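Trainee: These are the residues of each chain, in order.
Number of protein chains: 2
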Amino acid sequence: MTRTIAPPHPFDAAVELTPAGDGRFSGHTSPAYANMVGPFGGITAATLLRAAQQHPDRLGDPLSLTVNYAGPIAEGAFEISARPVRTNRSTQHWALELSQDGVVATTATAVFGTRRETWSSTEITRPDVPAVEDVEAGAFPEFIAWSRNYEMRFVAGGIPTTEAVEHPDTVSTLWVRDTPARPLDFAALTALSDVFFPRIFLRRGQYMPAGTVSMTVYFHADAEVLAEQAEDALLGTARAQQIRRGYFDQSAELWGRDGELLATTHQLVYFKD
Amino acid sequence: MTRTIAPPHPFDAAVELTPAGDGRFSGHTSPAYANMVGPFGGITAATLLRAAQQHPDRLGDPLSLTVNYAGPIAEGAFEISARPVRTNRSTQHWALELSQDGVVATTATAVFGTRRETWSSTEITRPDVPAVEDVEAGAFPEFIAWSRNYEMRFVAGGIPTTEAVEHPDTVSTLWVRDTPARPLDFAALTALSDVFFPRIFLRRGQYMPAGTVSMTVYFHADAEVLAEQAEDALLGTARAQQIRRGYFDQSAELWGRDGELLATTHQLVYFKD
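Heads up: the protein sequence lines correspond to chains D and S, in order. Start counting the first sequence at 1; every next residue gets the next number (full-length UniProt numbering). Start counting the second sequence at 1; every next residue gets the next number (full-length UniProt numbering).
No wet-lab data here; the hints were simulated from the structure. Predicted model, so just to flag it, every value in this text is computed and none were measured. Errors might be hidden in some of the hints.
Claimed, not checked - With a Cα cut of at most 20 Å, we get these calculated SDA-like pairs of lysine to any residue:
id: 1; chain 1: D; residue 1: K272; chain 2: S; residue 2: S120
id: 2; chain 1: S; residue 1: K272; chain 2: D; residue 2: W119
id: 3; chain 1: D; residue 1: K272; chain 2: D; residue 2: R244
Throw the hints in and build the complete structure from the sequences for me.
Mentor: In structure tokens, the structure reads:
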């Protein structure tokens, strides 16, 4: 699955923003990251994070991000406004909005901050899985453009096929990385937090209209730890907690190559059966 | 622990807001819900939710809420601005800010919506615990005022005592309800999502400066299911995933009396050791 592509990497092209002054940034949707309707939610989340990262007043690195998918994003240009609502000594709170033609399509809040050395402990266990090279790469249906930018090697809970039946659980575990390969950073990690397809597809063994309503990412790693991951695959694992009356939640973890927990992420998803 | 108190219930007094026009509401901190510094985060979250609920343009019921604790809230008056950023056919997205003297102390986003009947499934299991009447009520240290408004019956992972040592895990499981008793609604459920004291207190067996940075609540129940809970205790269970460099995340579930999963909630917490 090695592809050679001239720079910039498609991911960097997709999240590219041009400063337009006063905390505003201009961007453009990328066909390479298109979903069935509008862009892949992960690329939208990454682009919003980038706006805060590129803001001249930015303090520290991302600690948390919540993105609310308020309405469809049409193919074409968009504008992001990034407002540092409050800056403290070690944390900074952001309000972000993505709009098209003056209509808000996505809102977000982010917390940035600096980190200090403290007592540390990982309280959950990384799934015990075969090495990345021992797991075969799977494929999403061809019509999901964004998925072609990720190499996914499913250990459990792969994409349902057309012959799929109900699955006993909602767990997917996979090795995942950008393809073509790209060094990990906060924006890439944000997008990777949304690669876990809607859990109801797996559970029911079928596709149906579904979309993320709100996604939160907690960043556990700092920039140095992310840089250490280089272009290696991350291990991701996701599951739903409850599916009820048109909505469900799903939670996931992303683990680094040496077993560090890099991010935990949660989302509420809408579906129609 | 039965107390008789004239109406309004202290919770309703604490979250009371006076409409000030144009999506603005005036409120006041309540000494009954004071924490060590400023108010209990749960009461602030509930008050922000109430602003959206009371807004004349409100559509449906809460689906998700994210609250970012940007700075301290001083004892006294505050103002909340509630802006319906986008209203679709079945969902509505809110931007909320709590400020004092023009300085933003808390930001939030919320998604409201209507629900339809669909295929449903609870994918996690409620902890197997003794009945509420078979578990003794515990007590927080006296100086934590807000905790006196909750009856907490810990099955596991109770409040550390001054003699506490390191605990092998970060799990607390408890029966919890408002005291004096109060019928459950979205605002009360929001506040209950924050009753799980910082997991590092349990893990290290000691208190230290700690505070929620960002909290998200996913509401799985509609208003009717909440009303059915009446004044009964909920079963809550919480745990941390990773503690690292001054921050940790914790996740929790709140279960109803007939075993329904009412809410799932996540937060990122700051600490200083």
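Trainee: The structure should be examined with respect to each hint, and the outcome stated for every one.
Mentor: Each hint tested on the structure:
Between the alpha carbons of D/K272 and S/S120 the distance comes to roughly 11 Å, so the proposed pair stays at or under 20 Å and holds. For the hint linking S/K272 to D/W119, the alpha-carbon distance of about 9 Å falls within 20 Å, and the restraint holds. As the CA atoms of D/K272 and D/R244 are separated by approximately 11 Å, the hinted pair is consistent with the 20 Å bound.
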